[in-house]
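Participant: Chains as they are written, first to last, in our numbering: chain A, 977 to 1242; chain B, 260 to 615.
Don't read these hints as lab results, they were simulated from the structure. Each hint should be verified, as a subset may be incorrect.
Capping the alpha-carbon separation at 30 Å, the derived lysine-lysine pairs in DSBU-like fashion look like this [as the list claims (entries may be wrong)]:
| # | chain 1 | residue 1 | chain 2 | residue 2 |
| --- | --- | --- | --- | --- |
| 1 | A | K1122 | B | K609 |
| 2 | A | K1124 | B | K491 |
| 3 | A | K1215 | B | K308 |
| 4 | B | K615 | A | K1122 |
| 5 | B | K264 | A | K1124 |
| 6 | A | K1018 | A | K1116 |
| 7 | A | K1231 | B | K513 |
| 8 | B | K609 | A | K1231 |
| 9 | B | K491 | A | K1018 |
| 10 | A | K1096 | A | K1116 |
| 11 | B | K608 | A | K1231 |
| 12 | A | K1231 | A | K1093 |
| 13 | B | K607 | A | K1116 |
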Amino acid sequence: MSIPTIPNSNKPNVHHEHIHSKIDLSHRPEASYETVSDSMIKIYVWELPVRIFHWVNALAILLLMVTGIYIGNPFVSASVQEDAYYSMLMGWVRYIHFFSAFVFIANLIFRWYWVFKGNKYATSNPLKRGFWSETFETVKFYALMKNKKPHYVGHNPLAQLAYWIFIGLGSIVLIITGLFLYVEPQPESLFGSAFIWTSLLFGGDSFTVRSLHHLVAWGIMVFIVIHVYLSFREDWLEKNGTMSSIVTGFKTESKHVIEDQHDEEK
Amino acid sequence: MKQEKTILQEVLDRGFSRRDFLKMCTALAATLGLDYSQTNKVVNAMETKKRVPVIWLQMQDCTGCSESFIRSSQPKTESVLLEMISLEYSEVLSAPSGHYAEKSIKDVMEKYKGEYIVVVEGSIPSNDIYLMIAGKSARKELEHVCENAAAVLAYGSCSSWGGVAAAKPNPTGAVPVTDIIKNKPVIVVPGCPPIAEVMTGVIAHYVTFGVLPELDHLGRPKAFYRHRIHDKCNRRAYFDAGLFVENFDDEGSKQGYCLYKVGCKGPTTYNSCAEMRWNGGVSYPIQSGNPCIGCSEKDFWDNGPFFTRVAKIPGTQTTINPDVVGAAVVGATIAGVAAHGALTALDKKKKESKDK
Ligand code: SF4
């Protein structure tokens, strides 16, 4: 994790050719900032609720993944023969899985609220003008090709798309299939009957729902690998404190980003 | 006509006492999942109701469902067959054959218009050449016979979901009864074969109450398909304890541990094996040490292998080991990310040297 440093202010960062992003989210609250030098500012990108969501989510996913892998394939068990009476290993693992699942769900609902309530870095709108062309520029940027990708203080459009697919859609599929599996033994209860459509939606049988739950969970793992790598990479290339920003909320950016804001307001 | 007698009379005629009859009704009520206090309803029905005419059709099947049905012990098959229902046409059990058999099916359809029940065993091929009965395609025969039926019972996984004939690559284009019969109530009674008592139970319910049993979202009678095997399994305590059979001759298998790791499909299978058991309540696969193969579930032939835990790729008939594939994909991603990191470093160097 690198500490936000102030790059040599005489020599502007080579990456910043200062292309403006056309994605206009100016109707959303701007982030506050402090000026730290003639050319640099500290901008409060990730508000506290976003950071809390991030770490609660990370912890819940970790617990869910470890317990989930155990439930799918119980890799440890008592080596001495004993009566079922003395042990409750699978029972406890399942309990932790369910508990973390409810934390995960509540946390996600909270984040959805913040999508509408938070600053402009807490939201995303793929329908905005420029979103898809800038996504394409971002793809070129990651392919190490010549590109016109603007510098983003928050998430670039490709990252936003990944959040939509994995954290948005992936989580929802996991939650729906997971709740179905959770209430499956009580099909006549209120919750049980509320989730019958789930199995119909995903193919009609319990096995398909279970399989989907399992496979999408691995999809989230793939996301995490890429997410962590690209965060470090951003931190390393931009030297803007990306890694520490998810703890402190602040990124160190060139003053241009604020000029951008004013440009947008015009 | 024998049809005119009530079921009670039929029983008494066969030399049983009224006491035997009441015993039979009590057992029947228990099979139906009724409360003991409801037994009189069953008695009442059997005393007043006449037998239900049944036409039993066999499509692409193995006769396993018929075999299971005639081994029903509760209520005793001979009583169901002879007293509760009147099996007017069955390819396995009927005495007449050829034209006589065809004539008997025609007679029933005319005489009991709107009253008879059609039982279907086996799937129906989409391509007619694979199954012709008395010169007619299976589909035509089914549509024809069901025209005047009161209800249709799809016995077994083949007529319920397509079964073995519909397994990948489904050469005959086998489809379940519900794909063809749309204008009649179809009760789906899956299993390969279904438990005998479940099959007779569905008929008994119809005789007793005169209406079809309550069905779930897939058309199965709730009384018998409400729970998964896993919810009622006698090995469930070992599952919760985390004690698993690792292979079939280890100490755990002798101790009766849970069969989850040797591929038990109980957690995704809806059936009443764990409650009703088989052969008159003697045992069922899991009790006897074999993991559930999920025979009452849709596409169960493609959900295998039987003795491994797998996941199905939704929308396909392909199964994979989700953890092996998942870990491999994550591993590949890590390798890709490392390579990308190295390339980024090179690219950065190149740009910096250019800037100088
Ligand atoms: S043997 Fe099968 S059905 Fe029984 S508890 Fe184990 S996994 Fe569940």
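Participant: Now, for every hint given, state plainly whether the structure supports it.
Facilitator: Verification of the hints:
no.: 1; hint: K1122/A with K609/B; verdict: holds (14 Å)
no.: 2; hint: K1124/A with K491/B; verdict: violated (62 Å)
no.: 3; hint: K1215/A with K308/B; verdict: violated (86 Å)
no.: 4; hint: K615/B with K1122/A; verdict: holds (19 Å)
no.: 5; hint: K264/B with K1124/A; verdict: violated (90 Å)
no.: 6; hint: K1018/A with K1116/A; verdict: holds (28 Å)
no.: 7; hint: K1231/A with K513/B; verdict: violated (73 Å)
no.: 8; hint: K609/B with K1231/A; verdict: holds (27 Å)
no.: 9; hint: K491/B with K1018/A; verdict: violated (60 Å)
no.: 10; hint: K1096/A with K1116/A; verdict: holds (25 Å)
no.: 11; hint: K608/B with K1231/A; verdict: holds (26 Å)
no.: 12; hint: K1231/A with K1093/A; verdict: holds (26 Å)
no.: 13; hint: K607/B with K1116/A; verdict: holds (15 Å)
The structure shown violates the earlier hints numbered 2, 3, 5, 7 and 9.
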